[in-house]
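Novice: With the hints as constraints, model all of the structure from the sequences given.
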Amino acid sequence: MSALGPQDLMHAYLDMLAAERGAAANTLEAYRRDLDDYLAHLAGKRIDPGAVEAAGIRAYLAELEARGLKSTSAARRLSCVRGFHRFLYAEGMAEADPTAPVSGPKRGRGLPKVLSVAEVDRLLTVAKEAAAKAASAETPNPAEAARAGRMHCLIELLYATGLRVSELVALPRAAGSTKERFLVVRGKGGRERLVPLTEVARQAMAAHLATLTAPGPWLFPADSETGHLTRQAFARDLKAVAAAAGIRTDRISPHVLRHAFASHLLQNGADLRVVQELLGHADISTTQIYTHVLDERLKQMVRDLHPLASA
171 MSALGPQDLM HAYLDMLAAE RGAAANTLEA YRRDLDDYLA HLAGKRIDPG AVEAAGIRAY
231 LAELEARGLK STSAARRLSC VRGFHRFLYA EGMAEADPTA PVSGPKRGRG LPKVLSVAEV
291 DRLLTVAKEA AAKAASAETP NPAEAARAGR MHCLIELLYA TGLRVSELVA LPRAAGSTKE
351 RFLVVRGKGG RERLVPLTEV ARQAMAAHLA TLTAPGPWLF PADSETGHLT RQAFARDLKA
411 VAAAAGIRTD RISPHVLRHA FASHLLQNGA DLRVVQELLG HADISTTQIY THVLDERLKQ
471 MVRDLHPLAS A
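In this text, residue positions in the sequence shown follow the working numbering: the first is 171, and each later residue adds one.
None of the hints are false.
DEER-style ranges, computed between Cβ atoms:
1) A270 x A182: 18 to 26 Å
2) M186 x G274: 20 to 28 Å
3) A229 x A302: 53 to 61 Å
4) E199 x K240: 17 to 25 Å
5) I454 x P387: 29 to 37 Å
6) K349 x Q437: 29 to 37 Å
7) A405 x A224: 33 to 41 Å
8) E199 x V287: 30 to 38 Å
9) V287 x E265: 52 to 60 Å
10) G262 x A413: 51 to 59 Å
11) N311 x P366: 30 to 38 Å
12) A305 x D178: 50 to 58 Å
13) P366 x A305: 21 to 29 Å
14) A302 x R421: 22 to 30 Å
The calculated lysine-lysine pairs, modelled on DSSO-like cross-linking and capped at a C-alpha distance of 27 Å, are:
15) K409 x K303
16) K409 x K298
17) K240 x K358
18) K349 x K298
19) K409 x K358
20) K240 x K215
21) K409 x K240
Simulated from the structure, these hints should not be mistaken for laboratory data.
Glycine included, C-beta positions come from ideal geometry on N, C-alpha and C.
Specialist: This is how it looks when you write it as structure tokens:
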């Protein structure tokens, strides 16, 4: 059992994630919140983190269920706790890993919200028309025109590339003037991947870039702590565009557009492994949430192509 206190153990684990695995600040903050909750539970039971047994882990999961936490959230919390205890065991701060015999909560198969191709077309059309209208107004407002053009660029880019919203808003300004047909994106864990660019997306970036007057490192600069547009601001503005396009705002988010990118590719015959690479998923199991799209496509192929399907 370690002589370090619970908070010191947590900080040691988070430091390892940052130094050795390149965990992003948002990931570290999520882990910190989950571990704070878990350690508070242990403190209430007067249990040292290095002395927890499997029964203690199961008791924590039971408490999460009693609080009404969804199975997906409880599974994520358990994943964080597993990593923490494996770290303690590997570093000799605990005699065993108590999470090894513990099964995760059963999760129902949740399908992602996805927009149809027609709905995405409407969204893009409304954003493009708003940008054109703001730019050609009789008494143009430069700030309003720049904001409308930025929004059009963001939506075009997101649907064309399937980037995570955190990757999208933090694109460097150099990305907007690239002569290549792809972007080099640094994703989770510092992993780099190539993301192809459509000509429409390149044109939208070039138009947006022309509205940026002040120098700076970001393609989407903003008055924020990071210096670039925040995920929250983009999500808010996206809902406004969706409402103008006649799409219910509870059905839209940046992540929904990422889902649409993946689902529409698969509907048109893309390989699941290719989509995995484009989305930046480290494990194919993460991408397999989209297999329902493949299932429907295969059923349609049998209906359309099998000689006895209409018999």
